[in-house]
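Student: These protein sequence lines are chains A and B, in that order.
Counting with the working numbering, you get residues 1 to 406 for the letters of the first sequence.
Counting with the working numbering, you get residues 1 to 141 for the letters of the second sequence.
These are computed hints drawn from the structure, not numbers from a lab.
Don't be surprised by glycine CBs; every beta carbon is placed ideally from N, CA and C.
Misleading hints may appear alongside valid ones.
[Claimed, not checked] Straight-line Cα separation of at most 25 Å, DSS-like style, residue types lysine-lysine; simulated pairs: (1) Lys42/B - Lys340/A; (2) Lys353/A - Lys107/B; (3) Lys42/B - Lys22/A; (4) Lys400/A - Lys142/A.
[Unchecked claim] Reference excerpt, derived from the structure (chain A facing chain B, CB under 10 Å, subset only): (5) Thr313; (6) Gln315; (7) Leu317; (8) Asn344; (9) Gly376.
Below, each chain spelled out in residue letters.
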Amino acid sequence: MNLDINRIRRDFPILEQQVYGKTLVYLDNGATTQKPNVVIDKICEMYRKYNANIHRGVHYLSEKSTQFYEESRQTVAHFINASSNKEIIFTKGTTDSVNLIAHAFGDRFLKKGDQVLVTALEHHANLVPWQMICQKTGAELKIIPINEKGEILQDKYRELLSDRCKILSLTHVSNSLGTIVPIKEMIAQAHAYHIPVLVDAAQSVQHIPVDVQELDCEFLAFSGHKIYGPTGIGVLYGKTEWLEKLPPYQGGGDMIDDVEYQKSTYAEIPLKFEAGTSNYVDAIALAEAIKYISNIGLKNIAAHEQEILRYATEQMLKIEGLKIIGTAAQKASAISFTLKNVHNLDAGMILDKMGIAVRTGHHCAQPLMKKLGITGTIRVSFAIYNTKDEVDVLISALQKLKQMFN
Amino acid sequence: MTINEIQDQIIAEFDIYAEWLDKYQYLIDLASDTPAIDETYKTNRYLINGCQSRVWLHATLSKDGSISFSADSDAIITKGIISLLIRVLNNKKPQEIKETDLYFIDKIGLSQNLSPTRANGLASMLKQMKLYAIAFDAKQN
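With these hints in hand, go ahead and build the complete structure from the sequences.
Tutor: Below, the structure written as structure tokens:
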């Protein structure tokens, strides 16, 4: 099916504007996506008509907001095909979700001599929390290496698997290189050693259909704002048996069953992990974003974005001195590159003034950049509303940029 | 020339360019004209923290009591910006540098780069130059 991208673009009011007198070309979708009207309107509607704290009041508004919040949980569960609503925990975002698992899992299951596995592709959000918990528990952090294309070395991965590994936490799609990691096979191999797996899906759920039962991962995390939803809301999926095994991460209201001054008993999942007032407004708006992309269809989105990725890669390779960093066979939505004699920061500043938003620098993946022997890259990352015309604008901007520095 | 006379001169130079790209082209040209820092100072010791690009800054106190700066960066526009800072503050007394208000940054439209979280760390460069002035000032008195 061919999507009507111009019609889709009209759903995103921010894209209509000009910056520095130039039509905005937004190619920083890996950092955050823009929001369709249905999401923006839902936030306004919630505050205008239905705002009340959830799970507490017996009054009309509280019942309404609680109902919408729990319906959103249902929408999320359906979106990633969780087997039950209670396997969906609302968090602040991917970082918060990873921290929750790292701390709750680490407290209960990690000790000196154990190992935690991550890949060399990880965003700091799926690296630093594990470093912290390893320092605390005495467990060892092992890194699965990659090749020069940015693909995980599967033979090295298999060598690292052992009974000492207690958890594997890996990205589904690399934020800096765009590599799609073959997680389904890797999860199955980890399970042969009874190793539970956390998937960082921050860069995948908006681009690729994700089915947690098919993947068979124990945990999966993603952010609302990268999937056309609001900031400050994210999701942690966990298999029921695992969420029940883990201790609570934070204490407070809503997560308790019975509280005395010296001890408390905790609520059932998922509320056990949702201490304090949840960000219910943004959770409800996130459900709107999910419905929006589900209506378009993840397969259609993937086809469109793959075509843009293919076209952009082809056009960029024609530019002399441009080197694409990350040439994995399977990529999603992002192209990282360097330009000969042009610092990535200089490129970003000039492109900005041409109305083109890109990301520059180390992309929160400093160890990866060091491994690749570079200080940073320029990254363009695409979303459903990007067009080939925008790629053409980027290409001529890069040509102009080269002239300015030569 | 005084610090403010140099600032006014820079503002007049940038006034010629209405387009952003031309202003940046001018910064790129300025960077190419700026003499490189002595290689011995391109070390971690002289690296300024807080920049997405690498910036090295070195200063010496001349016999007449004024400060002489040299700097370099691996990013060209960043180097162009530093060359402006050096042009304004070079060969000035520590006291003057400490007290100066660099209004030209705002006037030529670079103040967006002054935010402490901005990647090119203009604020960090300026802070480091003032720290040199404070240190030399303390040494003299």
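Student: Next step is simple, just say for each hint if it's right about the structure.
Tutor: Here is how each hint holds up against the structure:
{"no.": "1", "hint": "Lys42/B - Lys340/A", "verdict": "holds, 21 Å"}
{"no.": "2", "hint": "Lys353/A - Lys107/B", "verdict": "holds, 18 Å"}
{"no.": "3", "hint": "Lys42/B - Lys22/A", "verdict": "violated, 38 Å"}
{"no.": "4", "hint": "Lys400/A - Lys142/A", "verdict": "violated, 44 Å"}
{"no.": "5", "hint": "Thr313", "verdict": "violated, 25 Å"}
{"no.": "6", "hint": "Gln315", "verdict": "violated, 22 Å"}
{"no.": "7", "hint": "Leu317", "verdict": "violated, 24 Å"}
{"no.": "8", "hint": "Asn344", "verdict": "holds, 8 Å"}
{"no.": "9", "hint": "Gly376", "verdict": "holds, 7 Å"}
Checked against the numbered hints given earlier, the structure breaks hints 3, 4, 5, 6 and 7 and satisfies all the rest.
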